[in-house]
Each structure stands twice: as C-alpha cells, then as structure tokens.
Amino acid sequence: MYDVSAVRNDFPILSRQVNGKPLVYLDNAATSQKPQSMIDALVDYYSRYNSNVHRGVHTLSMEATDAYELARQKIATFINAPSPDNLIFVRNTSEAINLVAYSWAAANLKKGDRVVSTEMEHHSNLVPWQHAVAEAGAELKLMKMAEDYSLDLSELDELLTPQTKLVAFTQMSNVLGTITPAKEIVAAAHRVGALALVDAAQSVPHIAVDVQDLDCDFLAFSGHKMAGPMGIGVLYVKSEVLEQMEPFLRGGEMVLEVTYEKATWADLPMKFEAGTPSVADSIGLGAAVDYLTALGMDNIRQHEVELTTYALERFKELEEVTTYGPTDMSIRGGVVSFTMGNVHPHDIGQVLDQAGVAIRTGHHCAMPLVRSRLHLPATARASFYLYNTEAEVDALIDGLKTTSRFFGDASSRRS
Amino acid sequence: MQAPDGLDDLYQDIILDHWRSPHNQGALEHPHLHGEGFNPFCGDQIDLTMTLGEDGRINDVGFVGQGCSISQASASMLSDQLKGKTLDEAEAFVRMFKGIMQGEEVSDELEEEIGEIAALQGVKNHPIRIKCALLGWTTLQDAISEYRKTAS
Chain A
1 MYDVSAVRND
11 FPILSRQVNG
21 KPLVYLDNAA
31 TSQKPQSMID
41 ALVDYYSRYN
51 SNVHRGVHTL
61 SMEATDAYEL
71 ARQKIATFIN
81 APSPDNLIFV
91 RNTSEAINLV
101 AYSWAAANLK
111 KGDRVVSTEM
121 EHHSNLVPWQ
131 HAVAEAGAEL
141 KLMKMAEDYS
151 LDLSELDELL
161 TPQTKLVAFT
171 QMSNVLGTIT
181 PAKEIVAAAH
191 RVGALALVDA
201 AQSVPHIAVD
211 VQDLDCDFLA
221 FSGHKMAGPM
231 GIGVLYVKSE
241 VLEQMEPFLR
251 GGEMVLEVTY
261 EKATWADLPM
271 KFEAGTPSVA
281 DSIGLGAAVD
291 YLTALGMDNI
301 RQHEVELTTY
311 ALERFKELEE
321 VTTYGPTDMS
331 IRGGVVSFTM
341 GNVHPHDIGQ
351 VLDQAGVAIR
361 TGHHCAMPLV
371 RSRLHLPATA
381 RASFYLYNTE
391 AEVDALIDGL
401 KTTSRFFGDA
411 SSRRS
Chain B
1 MQAPDGLDDL
11 YQDIILDHWR
21 SPHNQGALEH
31 PHLHGEGFNP
41 FCGDQIDLTM
51 TLGEDGRIND
61 VGFVGQGCSI
71 SQASASMLSD
81 QLKGKTLDEA
91 EAFVRMFKGI
101 MQGEEVSDEL
111 EEEIGEIAAL
121 QGVKNHPIRI
131 KCALLGWTTL
141 QDAISEYRKT
151 AS
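Line order of the protein sequences matches chains A and B.
With my numbering as the guide, the letters of the first sequence map in order to residues 1 to 415.
With my numbering as the guide, the letters of the second sequence map in order to residues 1 to 152.
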C-alpha cells in the first residue's frame, strides 16, 4: 500500500480551503483532481516543445510527435492493448462512443438488428444507441438492474438473439458503483456473433483493466477522471474491427494522399484522428498513467474498497439516510449515492459545501436509472479516489448530521 | 436549530416554513392556465394551474411539485400572491422577481409590497440556487405565454 498523506501532497488543489474549511473533494466520479507531475507535463510541453505533430521536420515537431506517440504507448500498456495503434485519441468517453456509433454502427447496423445495453448506463452510452438504432431501423434492448443493484444477467440469453450486433455496457455504474461482469458479458456477446463495447469511464481510473483479458471489441474512457487533463479520452478498438472501420471525421492529419476528387486514408490510428490533436492533453494523460502505475492499480482499488467499506459503515449512523448500490464490495467501486428523508439532494449539497465538502447532486447523467428504476427525482453522491481519507469520510458524515438536524428541526417546527 | 454558518441568508425560517408546508397545494380541475416546469440540473419540478374570474383576474391557484427547499418555497410564496392579479400584472410580477434575482435593488416600498417573498433575496448570494428560486416564476410565465397563444 501507499502512504495516503504523502500522495495528498502530490495534488496541490487538496490543500486549498472552501468557505474557510479544508476542501474535502468527494466528487471524483465527475472528475478527479490532478497531481503536480501531470500539471508539470502540460506546462513543460507548452514551455519547451509546443509544436504540431506528424508533419514538421524541425526539432520541436519531432519532440512533440515523439512525446505524443510515447503517451499513446504508455496508455496502451496501461490497459494492456496489443499495440498503441489500437488507441484513438478523442475528447472524452462520449466522443469515443459516438465515434463507434457513427463509424462502425452506421455501416453495420441494419433493419431488424438489435443493440443490447443496460438500465444503468450513463447518457453517453445510451443516447448514441437510441439514435443509431432509430437511423438503422434496429432495436435497443436493456439488461435490467437486479434488486441488489447488480446487473441482472438472468435474461441475457433471451436478449442476445442472432440479430444482436452489439452489446454496449458500463463496467462500473457512476450512480451505484456497480461493477459488472464485463468478461462474461463480452463472451456472451461473442457467442451470438455480436461485438462488445465497454464504457470504462468509471472503471479504468479505479481498477486494473486488461482489454485482452476482457476480449472486448471497443473500450472507451476519459482522461480527466483518472488524474489526467480534461479534453482527452481514448477509444480502444480491436485490430480486426478497426481495420474494417471507415473514418468518422475527415480532413487534415488523417489522409495519405489527396487529389481534388478524392482522398486515401492514413494508417491506423491516425485515420481516426482528423485535425490537429490535443497534443498537450495526450502527453498529460500519459503522465497521469505514469502516476497511477507508480501507485499501482491494485493498491488504488484496495484503498478505495477500504474507504468505501468504512463510509458505508458510518452511513449506518444516519437513520434517515438511504444508500443505493451493492453491499458486496467485490462488485462495487467507490461510489455512494444516497438520499436523506424529505431533504432534497440540492439542499444537502449546499450545506455540505458550506463545510468544504464537495459532492454531486442530481441525476448524474443517468436520468432513466435514477428516475425510472430508483424512482427518485435525484440523489446525492459521494465518490472517492486514491487520495481520499477516513477523516474526509468523517467530515462528510458530520456535515450530513448537521444537515439532518437543521432540516429535521425545520420540518418538525410546524408538526 | 440555527442555519449552518454562512447559510442563514439562504435558509430563512419563512422559507423553511413554506418548504415544510407549501401553500395552495394541488392541481385545479379545469384550469384556464397550466404550466409545467422542470429543471434537469437538479430534477426540480413544478406543475402550476390557475383559473381566471370573469374580470380576467386570477381567482385560484394550485401547484404541485417536488424539488429542493428553495424551488418549492419560492413557488409556494408566489402562489400566495397571484390571486387577484391580471395576467399583465402577473407578468410584471415575474419581471420584478427576475430583477431581484439579477441583483436589482429592492426599495422599501417594493419590499413592503412583496411581503414574504423578500426573504428570497438571500438566494442571489448563492448564484447556483437562483435557477431553483426562479422555477415557479418561469413556469408561470410559460403558462401565461401559452394561454395568450391559444386564446388569441
């Protein structure tokens, strides 16, 4: 294990105050904070070798290109991709999934086909498929959430018909923390000849992910949730699938030869990276991967399991609070969604903010799950990362006790 | 219990009273005006119904909703003051409240006129909550606009 107090010193933002209190940052499922080494990588790029990539013969361009491609190599190693050429840099998970929807699905989904997803998706892995099936005349079917907040696989065999072309699912729910049996779902998809897309936005930052072990065809994640910069994300695509795909965006950087009439495409993965890429952010993500690798993903996971276990235990002290998500920590990440009697999450978040505690309130970009399955207008959500501490969980619980007392008094005043 | 430090301007007793026991609860059966407001940011919802008397003035108001204390208290306070207003007056009332939320000075006369609603002035110190406070009011504006469209 690592020394959490030493790790905290790596993140400059964690020493700031909010409303006169030390910041307790528990909104990591929305975005994580950044270590100094990642920030330095961005500053170093812009200070020393900012240049466009893949074209100039001058020193700066070669340095920038080398650093950009080294970052791709580091990230490929991090998820155990066979080659860096399997990785396409995009802005974020949503863009990665849209790339698959516009490139692969537009060419391969036909009338009568089926896409299977789940009830616990973030909008980014639901809305693109709603559109893709509507365009193709295909249908979208969903795996259900079970009573214990796990993913219900009991209907999987019926859902996976020979018409199923794609199974697109989250590896970790951003609302419930549920970790899905990704390897099992991928194998089931392949048995009926469907491809499998894994939304790994919440999993890659928190657990060791091996794309070759999962055997998935697509895997998408964002840099900013894993100590990297905003504006950079990754789509991994298996080689034999990628080779069959047409470009999503066309223009500069992605071509081999252009005449006034037509163009041919650059080699993979540049064929899918039209225009000047976000070079600094890619290099920053490479630095973030270095940071996570040095700590060890298994250590990070163990830290978050211990912290979440502690948090769930302390939540039990709050009678009026209900938490949502699996109780089995082997299938749960460091996410705790909760409600507090008739006190709206927005009011909870406001009181906590006054105590320096940052949580998320609302539907967490999973409106159907929160409203139609949990039957809630909104929840409050605390989500942990590698630098959070038990003392911060204590600050959360103290803040919730204050919230409860204050609104409890207010609600009993008239009754 | 005293509001947590720094929040006493937001969570005033009168606001919490309206949150606990909102006034004019329910949906009117045959409303002349109907508006539905939704704030996707936090999931707040307001359903507002009103009837007009023969003199064209609002003679009954009902609202149902769910959401944070500020959105529901603000809608409750608004509903108290709508009865007897013409639609023009109601629209001017909405403009007045939006002005307050945008930081316009509230004169003593205005403070007198708006009564309990003055307690919502603290919301403007918490910009992210302004949308919550406005939800009932924008729903009212939408209902009036819709009514004018279909009535003309």
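If you are wondering where the hints come from, they were derived from the structure by calculation, not from laboratory data.
Treat the hints with caution; some may be incorrect.
To be verified - Within a straight-line C-alpha distance of at most 30 Å, the following computed DSSO-like cross-link-like pairs (lysine-lysine) qualify:
| no. | chain 1 | residue 1 | chain 2 | residue 2 |
| --- | --- | --- | --- | --- |
| 1 | A | LYS21 | B | LYS131 |
| 2 | B | LYS124 | A | LYS21 |
| 3 | B | LYS83 | A | LYS401 |
Unchecked claim - Quick list of the computed label-pair ranges, beta carbon to beta carbon:
| no. | chain 1 | residue 1 | chain 2 | residue 2 | range |
| --- | --- | --- | --- | --- | --- |
| 4 | B | ASP55 | A | HIS375 | 40 to 48 Å |
| 5 | B | PRO40 | A | GLU319 | 29 to 37 Å |
| 6 | B | GLN2 | A | VAL43 | 32 to 40 Å |
| 7 | B | PRO40 | A | LYS183 | 34 to 42 Å |
Nothing here was measured: the structure is a model prediction, and the numbers come from that model.
Ideal placement from N, C-alpha and C gives every residue a C-beta, glycine not left out.
Q.
Run the distance test for LYS83 (chain B) versus LYS401 (chain A): straight-line Cα separation, threshold 30 Å.
A. 40 Å, violated
Q) GLN2 (chain B) and VAL43 (chain A), beta-carbon distance inside 32 to 40 Å? A) Cβ of GLN2 (chain B) to Cβ of VAL43 (chain A): about 45 Å, so the range 32 to 40 Å is violated.
Q. That 34 to 42 Å hint for PRO40 (chain B) and LYS183 (chain A) (C-beta), does it hold up?
A. Hint holds: Cβ distance 35 Å, inside 34 to 42 Å.
Q) Taking the beta carbons of ASP55 (chain B) and HIS375 (chain A), is their distance inside 40 to 48 Å? A) With Cβ atoms ~43 Å apart, the hint holds.
**Q.** Given pair status - LYS21 (chain A), LYS124 (chain B), alpha carbons within 30 Å
**A.** At roughly 22 Å apart (the allowed maximum being 30 Å), LYS21 (chain A) and LYS124 (chain B) satisfy the hint.
Q.
Given the hint of 29 to 37 Å, is the C-beta distance from PRO40 (chain B) to GLU319 (chain A) inside that range or not?
A. For GLU319 (chain A) against PRO40 (chain B), whose Cβ atoms are near 31 Å apart, the range 29 to 37 Å holds.
Q. Is the Cα-Cα distance between LYS21 (chain A) and LYS131 (chain B) 30 Å or less?
A. Holds - the C-alpha atoms of LYS131 (chain B) and LYS21 (chain A) are around 26 Å apart, at most 30 Å.
Against the hints set out earlier in the document, violations occur for numbers 3 and 6.
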